[in-house]
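Use these hints to put chain Z onto chain P, whose structure you have.
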Amino acid sequence: MLTIVLRAILIYLVVLFLYRLMGKRQLGQMQPFELVLTLIIADLATIPMAEISVPVLHGIVPLLTLVLLHFALTLLCKLSSKFSRFISGKPVIVINPDGIDYKALKNLNLSIDDIMEAMRGAGYFKLQEVQYAIMETNGKLSVFPKSECSPLTVGDMNIQVDKSALPINLVSEGKIMKENLNIAKLDSEAVTELLKKAGIKRVKDCLVLSIDKAGAVFAQEYNKKYVTFNSHPLGQVRE
Amino acid sequence: MTKFMWFQLISILTILAILISVCVIEDRLVTNALSDVLNYCYQIEKAVDTHDGILNNDVAMLVDNMEDKWFKHEWKLCYMVNHKSIQEIGVEISKIKTYMEEGDRKEFMASLELIKLYEEQYHHFMGASFHNIL
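Residue numbers (my numbering), protein chains in the order written: chain P, 1 to 239; chain Z, 1001 to 1134.
One chain only, chain P, in its complex shape (with noise of 0.2 Å):
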């Protein structure tokens, strides 16, 4: 059993290692080659972990020819935008200005009731509100609503607003962000200053303490209610 145990780990860890060196985009957004991949490592990496006669390399050896193989497809795929389409296919129209292209539709294997799931994943729910509708290579649909159904923004109300930039971390779970104090160009005093203020008497009592460009502190205690209030001109957050 200690065997089982130790191979499970030794697989956990090497898929992980080839998932972190393939990058983010394997997890949300796969093209249909990555999803093959993904599907032959998931079944590859448990063979030799229940097996005890299969050695771990008759695992390991064919989730790193994989992994090369991924990496030669997306280089040829970076290079050539003819293997590019081969391989992941291009994206769709399916809804234009005259409405669905069934033809379209019908190419994509999908139904009308797909089409509507999809577009009401992306937040619009009839069909007049959309001017474009757009399959990607990785099964997601790309809206472009109708103008008049678009969202407003500032910028369509050509208001003036202060530049917006995110919160920084300064304390997690009782813990100081050391890196974040940098960016914030604060020391620990300042935080303890920050935690007073909150009515926080030590850091490991706080749950979360943030700050932003503006100045604005975010404090939480634990099981406690949050306090919020600006901070200037003791935090200055750099942009």
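Keep in mind the hints are simulated off the structure, nothing from the lab.
Don't take every hint at face value.
[Unchecked claim] A short list of chain Z residues far from chain P (calculated; beta carbon distances all over 10 Å):
# : residue
1 : N1056
2 : F1071
3 : Y1099
4 : D1104
[As the list claims (entries may be wrong)] Label-pair restraints from in silico Cβ distances:
#  : chain 1 : residue 1 : chain 2 : residue 2 : range
5  : Z       : K1076     : P       : F86       : 38 to 48 Å
6  : Z       : L1016     : P       : S81       : 37 to 47 Å
7  : Z       : M1001     : P       : F83       : 15 to 25 Å
8  : Z       : V1022     : P       : D98       : 53 to 63 Å
9  : P       : D43       : Z       : V1022     : 14 to 24 Å
10 : Z       : W1075     : P       : K204      : 50 to 60 Å
11 : Z       : L1016     : P       : T46       : 24 to 34 Å
12 : P       : L2        : Z       : D1068     : 55 to 65 Å
13 : P       : N138      : Z       : V1022     : 31 to 41 Å
14 : Z       : V1022     : P       : N96       : 19 to 29 Å
15 : Z       : I1010     : P       : D43       : 24 to 34 Å
16 : P       : N138      : Z       : F1071     : 33 to 43 Å
17 : P       : I4        : Z       : S1085     : 40 to 50 Å
[To be verified] Stretch-level coverage of chain Z by chain P, calculated; a stretch enters the list once three of its residues show a Cβ under 8 Å from a Cβ in chain P:
#  : stretch
18 : 1039-1048
19 : 1107-1121
Note that beta-carbon positions come from the ideal geometry of N, C-alpha and C, so glycine has one too.
Same frame as chain P, but now just chain Z:
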């Protein structure tokens, strides 16, 4: 090139090196192991013919040496080859030793032939050939 691209490039080259090494090492290990045992089989056959029997020190020594050699090779081969595919040779060597103690020449020679057959079969299915790929 970004750090991640360097990481990818180095990883790909490392993987390529690992795959090449594994293939070469496996081929050499399998070839060495099988040819060693096959040589012992022929030597044992010759010794049996020379002494006209299996109950003599030469044959006993050769069988012991073959067993030692095989166990050493088997230990290494198990890193590369499915253990179930190579265990028959070890079993037949054990049988040979039993038949030798019993003085059963017919069964002794049959087991020796079986080992030779296994060796040839392993050579046949372990190597990289068009037939094996398909």
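Verification of the hints:
1. N1056: 37 Å, holds
2. F1071: The claim holds: F1071 (chain Z) sits with its nearest Cβ about 17 Å from chain P, beyond 10 Å.
3. Y1099: 27 Å, holds
4. D1104: 31 Å, holds
5. Z:K1076 <-> P:F86: 38 to 48 Å: 44 Å, holds
6. Z:L1016 <-> P:S81: 37 to 47 Å: With Cβ atoms ~27 Å apart, the hint is violated.
7. Z:M1001 <-> P:F83: 15 to 25 Å: 23 Å, holds
8. Z:V1022 <-> P:D98: 53 to 63 Å: 58 Å, holds
9. P:D43 <-> Z:V1022: 14 to 24 Å: For V1022 (chain Z) against D43 (chain P), whose Cβ atoms are near 20 Å apart, the range 14 to 24 Å holds.
10. Z:W1075 <-> P:K204: 50 to 60 Å: Holds, since W1075 (chain Z) and K204 (chain P) (Cβ atoms, about 52 Å apart) stay within the stated range.
11. Z:L1016 <-> P:T46: 24 to 34 Å: Holds: the Cβ-Cβ distance is about 25 Å, inside 24 to 34 Å.
12. P:L2 <-> Z:D1068: 55 to 65 Å: Between L2 (chain P) and D1068 (chain Z), where Cβ atoms are some 29 Å apart, the hint is violated.
13. P:N138 <-> Z:V1022: 31 to 41 Å: 33 Å, holds
14. Z:V1022 <-> P:N96: 19 to 29 Å: 53 Å, violated
15. Z:I1010 <-> P:D43: 24 to 34 Å: For D43 (chain P) against I1010 (chain Z), whose Cβ atoms are near 28 Å apart, the range 24 to 34 Å holds.
16. P:N138 <-> Z:F1071: 33 to 43 Å: 53 Å, violated
17. P:I4 <-> Z:S1085: 40 to 50 Å: 20 Å, violated
18. 1039-1048: Since 0 is below three, the answer is violated.
19. 1107-1121: It is violated, with 0 qualifying residues against the three required.
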